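Go by the hints and put chain B onto chain A.
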Amino acid sequence: MKKWFRLLVPIAAVALLAAACGDDDDDVATTDETAAPAAAGVVCADPLTIAFFGAQTGDAANLGLNESRGAELAINEFNAANPACQIGYKAFDSQGNPDNAPALAQQAVDEAAIVAIVGPAFSGESRTANPIFEAAGLPIVTPSASAPDLSTLGWTIFHRLIANDDSQGPAIAAHIAGELAAAKVAVIDDNSEYGLSLAEIVAGELEAAGVEVTVTDHVDPASQDFSATVTKVKDAGVDVVMYGGYYAEAGRLRKQLVDGGVTAGFISGDGSLDPGFIEAAGAEAAEGAILTAAAFFSPDGYTGGADFGAKFLADSGSAPGLYSAEGYDGANLILAAITAGNTTREAINTFLSTASFQGITKTFKFLPNGELDGPAAIYATVVEGGVLVGAGQIGG
Amino acid sequence: MIATVVLASLSEGARLLRDNFWDYTVTGATIGAIYSLVALGYTLVYGVLRLINFAHSEIFMIGTFGALYATQWLGFDPGDPKKTGIALIGVLLFCLVIAMAVSGASAVVLERIAYRPLRRRGSTRLAALISAIGASFAISEAFALWRGRNFEQFPRLFDKTHTVFTLFGYDVRADQVLIILSALFMMVALDQFVRRTRLGRGVRAVAQNSETAQLMGVNIDRVIVLTFLLGGLMAGGAALLDMVFLEQTRYNIGFILGVKAFTAAVLGGIGNLRGALLGGFVLGLVENYGSALFGTQWKDVISFTLLVAVLMFRPTGLLGESLGKARA
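Residue numbers (our numbering), protein chains in the order written: chain A, 1 to 396; chain B, 1 to 328.
Worth flagging that the hints you see were computed from the coordinates, not collected in a lab. All values reported here derive from a predicted model rather than from experimental measurement. Watch out, some of these pointers could steer you wrong.
Unchecked claim - Partial list, derived from the structure: chain A residues whose beta carbon lies under 8 Å from chain B:
1) ASP217
2) HIS218
3) VAL219
4) ASP220
5) ALA222
6) GLN224
7) ASP225
8) ALA228
9) THR229
10) THR231
11) LYS232
12) ASP235
13) ASP259
14) GLY276
15) GLU279
Virtual Cβ for every residue (Gly too), placed ideally from N, Cα, C.
Looking at chain B on its own, in the form it has when it is part of the complex:
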């Protein structure tokens, strides 16, 4: 009896997924792109320091407020006429720069306050982990006291529901195109930066073996600051894209997203930049397909079952290799 009901709902889910496959794919890829960008921050810091920066979700949250403030400086209110053309690009770029600057700067400050003093005293990684969790709570509660606990609305900057093109019958929206393309662009840029530049070589050297890198004359403190800065910049970019997509923020907005992005980083292989990219998209898509098949309330169950299954067969994640092993 129960089996029949489960089968009936599963076959209904399968029909739902088949009929709306591209719908689920595009919306899943959109949120997946944001997961990927945030996952890069976890993966970078882990690659260099072997530390899970649990306060990274708060760096993202600060970025959303940066983007919100940027629109307010420009005099936007929810309900204002939408922008088009050059003006729109200008507004988006301005918000992006502010969000990235705010997130990048707070990541650097966070490293100074929460991690460097511990590292200087040669503390254990466990102490740094506790410090990360403490910093996460402190930042989030500080924002709750400052901004209140209610959502604040991000203004609609442009007519984002306008259809850009149709993918097998699904009308792809302007914001979805913007989010997926800009996220991909930022990730490629970061990947190339780490692979091709002198500073990036320093990051890879420290990731591979920090003591040897130090002996070779790499300034380890500077590399660590750079790592946090890069992660912060990506989180800032993700913050603006998230605001364009979902249009509201508050003190704890980073929490769930942070958990998802961390999952994406582990799924793809933590410490691996391309793994974070892959993990984010896979997680976004699996969440959506799973919601279609089993119902939205099973979304997280499905994602984490997938994570456990992947780690059982590939303990280092889908792509596995670490940041240091990437070739120059």
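Bound conformation, chain A alone:
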């Protein structure tokens, strides 16, 4: 009996894996076979595929889809302009789960046509997938994995399109102390790893800048009623409320603050930068709230990409979200490498690591560790008339 069972486990595992591969094959974008003969543009002999690695389904699907749709748009535009070089696209749906990532990464590595990856989208899955990409020399450009230590792990294939988490807290603090000229600040968080550490960095930087943090509080994100926190903020009469946490609670907190008669400004980090913030707070209460991110989110205000929002909508059927422009830039960066005649993983990696590329969000030039060269940019987005509006760079 026992022997039978031992045999059965690997067989079942292989069958599952095969089924998973089978599913993914459907995701390969079919290239346009009826394209007119090449008049101009890039010519490439071998089939080349750019893959996206990140969540496409599950709780974190929105962020992953924001990015993959940007990458797909870039590839579709390239294919339309270069009939003699049709680039394939394939999505590896990790669901944002680090446990799914290694098997999917191995699949991507084994597929010879895949020459570069846009992703992995999150830091957790990067930790488990990137060693596999590194071993195979498959270059990656990540639009959103922001854990600071990822660039210290010696990966030569790693390229990060945004500033890491170490830059956001100081930028928020500098903005509160500088432009908002606040004297008293309330720093509130949701007690999560992300929210608490962001809040602590901001509070520390504020104290160092001579701004008084008169209220610190940790709310329970599962609780609906924040009235005790509202009273505390009201009592202190602060100028600005800073919140470290995610958009659903940020919106709820902002609404309850405004309902409770608090007129202080509101600033929060990238966890809150989502239209869901406005939905949760209500357009009226959300007005004027500042949400920051290392990604540049400005549907109509990209340099050299003013029509990005419209193109994105036409291509994917939805408006661009946070990291969409970075997904687009990441794919374009890889396409620039292909245009320059690099068609192997190794050549593309060398191009990515050395060249300088002007995207719609910023100019990309990487340090040897995969971080961006130059000051770390943090951008602000402000709620105006019930929509998110880009308000430019606040840090770096």
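Just chain B now, kept in the frame of chain A:
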């Protein structure tokens, strides 16, 4: 050193509480009123069946969606102009009726599906408890699949932040007055129903001794259905009040509230209607005072420390006596 820091933060907390006492009291009583209404459902079912109906939090959740649908049928969108006067009362009553009907009906259906078959086969109470937990997960996940896992927003029906009166310097808001008064009214109505009507006498008889009540000709199945219905109606009322207060819902909204309401029921004396009322308000107030003194992150620690302390000295809760012992 550490002691000095703790003392300093405690004295700051004490100042915060002293300066904002009525603020904390009114907001605590508001959420406490909602705890009380939901606690009634736990206490009623426990009083009659000696069963913790863990799916009661889902009955509440269904009520919030009932209220949400009611506003959508009336054509409300978040951001619509606020209602006043007669129109407002009409809208609120309509939403209340729908929320109560939906919650009451689902409580009755729940009893049919999750509890009655077990009772018929003479299963243990433990089996019914597992069935309750299973029903809770099933309902909540069904809503997650149907409605998605994101919050849905309840429209603002009226200018609720408008100050009705000032209590020692604290501006009491319209929604707080509405919630506390309607919750009190519903609880008094339920209490009187159980104490004064023939159906209520049946409930009390079964609670006291179900076998004797059966021998005396009480239809036990009907009493149990009535118990679930009453609990469901109260949860529906709580659901609308909660939506007016906090204005968002999703599949797991009942979970934390259910835990709190169950705590309130035990605190006041489970099986005791007036105990549930008292327990809900006490819990709401203690949570708020505790948050002021020690910081919001200690809120639940304080509430449950209080619960343990009360049960140590009064194992049957603050009011202790059971549903059956109430006089006619």
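Results of checking the hints against the structure:
no.	hint	in the structure
1	ASP217	holds (5 Å)
2	HIS218	holds (4 Å)
3	VAL219	holds (6 Å)
4	ASP220	holds (7 Å)
5	ALA222	holds (5 Å)
6	GLN224	holds (5 Å)
7	ASP225	holds (5 Å)
8	ALA228	holds (4 Å)
9	THR229	holds (5 Å)
10	THR231	holds (5 Å)
11	LYS232	holds (6 Å)
12	ASP235	holds (5 Å)
13	ASP259	holds (5 Å)
14	GLY276	holds (7 Å)
15	GLU279	holds (6 Å)
Comparing the model with each numbered hint stated earlier shows that all of them hold.
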